[in-house]
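For reference, the chains in residue letters:
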Amino acid sequence: MLIITCPWCGARPEVEFRYGGEAHIARPADPSALTDAEWADFLYNRTNPKGLHAERWRHIHGCGRYFNALRDTVSDFFVTTYKAGEKRPDIDASSGGSK
Amino acid sequence: MTNRFRTASGGRIDRAAPLSFRFDGQTFSGFKGDTLASALIANGVHLVGRSFKYHRPRGFLSAGSDEPNALVNVARDAARAAPNLRATQVELYEGLKAQSQNRWPSLSFDAGAVNDLAAPFLPAGFYYKTFMWPAGAWKRFYEPKIRAMAGLGVAPDLPDPDRYTQNHAHCDVLVVGAGPAGLAAALAAAESGAKVILCDEQAELGGSLLSETTATIEGKPAADWLAATLATLTARDNVTLMPRTTAFGYFPHNHIALAERVTEHLAAPGPDLPRERLWEVRAKEVVIAAGALERPLVFPDNDRPGVLLADSARTYANRYGTKVGERAVIFTACDAGYRAALDLKAAGVSIAAIADLRAEVSGELPSRALAAGIDVRPSTVLVGTKGRLRVASAQLAKVTKGAVGPAETIACDSVLMSGGFTPSVHLFSQSRGKLVWDGAAGAYLPGTSVERERSAGACRGVNGLQRVLEDGYAQGEAAALAARTYTSPARGATPAPAAPSRSIPASAEDLGTDGFIGATPHGRNPAFTKAFVDWQNDVTAKDLKLATREGMRSIEHVKRYTTTGMATDQGKTSNMNALGIVSEALDTPVPKIGLTTFRPPFTPTTFGLFAGAARGDVFDPVRKTAIHDWAAEHGAAFEDVGNWKRAHYFPRAGEDMHAAVARECKAVRASVGMFDASTLGKIEVVGPDAAEFMNRMYTNAWAKLEPGRLRYGVMLREDGFVMDDGVVGRMAADRFHVTTTTGGAPRVLAHMEDYLQTEWPDLDVWLTSTTEQWSVIAVQGPKAREVIAPLIEGIDLSKEAFPHMSVREGTILGVPTRLFSVSFTGELGFEINVPSAYGRAVWEAVYAAGERFGITPYGTETMHVLRAEKGYIIVGQETDGTATPDDVNLGWAVGKAKKDFVGKRSLLRESMSAPDRRQLVGLKTTDPKIVLEEGAQIVADPAAPVPVPMLGFVTSSYHSAVLGRSIALAMVKGGRARIGTKLMVPMPTHAIEVEVVEPVFYDPKGERLNG
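Respectively, the protein sequence lines represent chains H and B. Numbering-wise (my numbering), the first sequence opens with residue 1 and increments by one. Numbering-wise (my numbering), the second sequence opens with residue 100 and increments by one.
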């Protein structure tokens, strides 16, 4: 079971959290301005990287907040977590798992 | 019976504490400190089981948790029976009762042994080759028969009366294994101030030190050093010692699962103690000190009772004061065979000969054996053994330039073998660490770490007592140091093996690194020999070679084809030899063959441990409404809806469900009924931007909904499909009382939170789940107003002041209420929301007030029928995640003028309004008595060529007592255009004709809603 660090509450076991999919995919401000292809891209296409993945988690059995995390999908270790709305930290994959 | 095979003295057993026990009905005696295995051996019993496939007689192979053969059933009573326990790990207690397994009618005469003669017909992979015909016979006939024949033990069929607990523990350093390396590691970590847990699967801590008679550590006999070290560790309050505790699983982020056997060794377990405890440990650092396992040698008939691992025989002699026999032949590929020979000789066992696979025999131990007058034969192999239920002789042959010479028979009652030691890398491998092949050591050793762990001692290929102790100490110190700077579970670089910082001088025999992997040569016709590799699954060298001949190349394929290493011992004694044989057969080096993955559990673990307290009533939480007990007292039958218990119907004497539902439905339509709707999900949406938020989350327009009014809301996912629905009341300009489906409440709240927190954090809105705060009493029927009127204060209930789809706040019996005028039946109706604490009192008051109208409590089944008569959908029943609002006739609820809401953009896609989408329609069977099956397919012509085009399916189907006929709702392709036409519902025996109709069967104009 993973240990996940909620930026509000601290390190907690995985059972307190729910996964929320890839992070930093903002809902378009005016969806009607998008073509079908653009809208489908927003709805369905995800990066699914091998390596660092920015993803959303919700501390559902804690503070209830959504936050973002950088997780190395190869090692399954988190590099960092940060509050929703903050910029993705500038960490490259080579330092994955080093923190 | 006497302990004929006891040594005169010595061992760690308590000879002053004799114990009596039973095995297969016969009474024996042993001593405190014995295992079932050592006590049986002391009584001369070696035949303890029959093998899995061939039913060959089997005895003890080892003295520890790697034992593949000696699996027994230990039962305190019919319910407290544990099958497949390794007799080598079962601690003896007074009155213990054990039974052998997989034999019929008896252990010494087993009818299944005919399989041994039929072996030519049961080759590797026989499951896949035979038993294939006729079709279907595998499931019905062959599989049950094979399972009965090829079995291990039988699980008891009574509920387990024992208690199992589950605990969490945190520490700086977890040390797994309390042999010399683990003890030294724990000592070092503890002295550094770390909080340490030291666990070991055995009853006594000490590992290999428990079998040492001559070794010394720091000038003391090993046993004295062990006692002093344990005393030191026990005295420290930063150390927890856990004997009888197996670290069986290594999970991500240093989450290690331990199984502690609390009462298994007690003759009379106290009622206050759990049988076992699961410990979920989070360790900052882990030191794996799992030791090494001795490898058997693979030679013909190496499985007779009396054939044991040499070092295990030494353990029986030195630790348990038990002789494995009177006259032993030893077959070895390393010096361990000599060490065992010398110790057994000292214990009074005569050593007939030592056959050594090696040509060069030199060094301290062989010299001592020669000096002791033992017949040592280099370049010699065992080519077979004889004896029916116990080995009676061994056949030895000289190997000259690869050729096996003539065999000489030597009489013996035991054969002890040693192929060297395999480092126990199971936990390291479970931690996802990479194993690397070490050619010099002839073993896979821990390489790159993934977790914050390090191996110490024999499990990482270190040998020699002093080196092992010092490695353990160094690793323990390094672990404690690393724990001090812990910030997260992630491991940085693989730790370099720490240098010993303290000398722990020790003297013990040095076994070196010799060993053998594979099958030894025997020169016999392989068709008539069985040289076992995997004792538990009855896999022989021949089977592995056959698998390679049949094209298997990867060890993963060979494993699955032959089942080698797949038994409950997970190949602890067999994996390396299997690799060696495959490597030779394919003429490919061992590291190129690959290695199978080690998976948890390290040894079999009980279901009780995993279940813990989560059994029976506390297996899963049960949710009950405030009105639940009233319903139960009034005879309700309940159904499960999610975790909720809901009243399904209220049968009267002599009524079945059909009769009860018919009566309940008629009562609601004719007079009045009441229904517990408390399970509806409820969310209070509050804040200055609440209306804007609702506008974005629901398809409907909310801005113009006045306070005091209700609206039916439809929620979509972003992909445009219906996700949930519910009635929403606007309590004030900035406050909405939102209801959701019973099952959808958490999903809807999470969906709202997601958008509020991450897409529109600028909106000033607060969401609160109020599902359990409100009891909801639905009063439905033409008399509904008259029933509640006398109870309500502060609300004008007149049709004009309180029209359909309104909400008012007032009191009922003095209890504050949010009163909804709303209907899910098509009749005049109200939903009384009161704080849950008052739910039952208000329910009872309404029931009493309704008695003069014959008020009828009804359940979810009647609710379903009544709403289907009106064509009201249930999300999840009519919809399946692919229905748009328009598909289910809810297009009217979509605010066309709204610029945006969740799902709107998706609705604009062309396919979302295609005319051939499945649409909600009603179905009427031509024969009104036939009630369609929900889920049944709908076609135009059942006689059409296969595949018959499917037009849709039945989503809801009931008998309507009020209409005197069956009704159904269905999703049908282009359904609305088919209204008035006939379609067919094919069933296994015939097809049912139906007419497509409007989905509203009762009061289509909705006149009854207003009473």
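Treat the hints as calculated values from the structure; they're not laboratory data. It is possible that some hints are incorrect.
[As the list claims (entries may be wrong)] Which stretches of chain B does chain H cover? Using the computed rule of at least three CB atoms under 8 Å from a CB of chain H, they are:
| # | segment |
| --- | --- |
| 1 | 575-582 |
| 2 | 840-853 |
| 3 | 857-871 |
[To be verified] Each computed EDC-like pair below joins lysine to aspartate or glutamate, with the alpha-carbon atoms no more than 16 Å apart:
| # | chain 1 | residue 1 | chain 2 | residue 2 |
| --- | --- | --- | --- | --- |
| 4 | B | Lys998 | H | Asp30 |
| 5 | B | Lys1003 | H | Asp72 |
| 6 | H | Lys83 | B | Glu858 |
| 7 | B | Lys1003 | H | Asp30 |
| 8 | B | Lys997 | H | Asp30 |
Using N, Cα and C, we set each Cβ at its ideal position, and we do this for glycine too.
So, going through the hints one by one against the coordinates:
1. Only residues whose beta carbon comes within less than 8 Å of a beta carbon in chain H count, and the segment 575-582 of chain B has 0; fewer than three means the coverage is violated.
2. Check on the segment 840-853 of chain B: 3 of its residues sit with their Cβ under 8 Å from a Cβ of chain H, so the three-residue criterion for coverage holds.
3. Counting residues of the segment 857-871 of chain B whose beta carbon lies closer than 8 Å to any beta carbon of chain H gives 3, which meets the minimum of three for the stated coverage.
4. Proposed proximity of B/Lys998 and H/Asp30 is supported: the alpha carbons are some 9 Å apart, at most 16 Å.
5. At most 16 Å may separate the alpha-carbon atoms for a hinted pair to count; B/Lys1003 and H/Asp72 exceed this at roughly 35 Å.
6. About 14 Å separates the Cα atoms of H/Lys83 and B/Glu858, which keeps this hinted pair within 16 Å; it holds.
7. Simply put, B/Lys1003 and H/Asp30 have alpha-carbon atoms about 11 Å apart, close enough for the 16 Å limit, and the pair holds.
8. Distance hint between B/Lys997 and H/Asp30 is fulfilled; the C-alpha atoms sit about 12 Å from each other, no more than 16 Å.
In summary, the numbered hints that this structure violates are 1 and 5.
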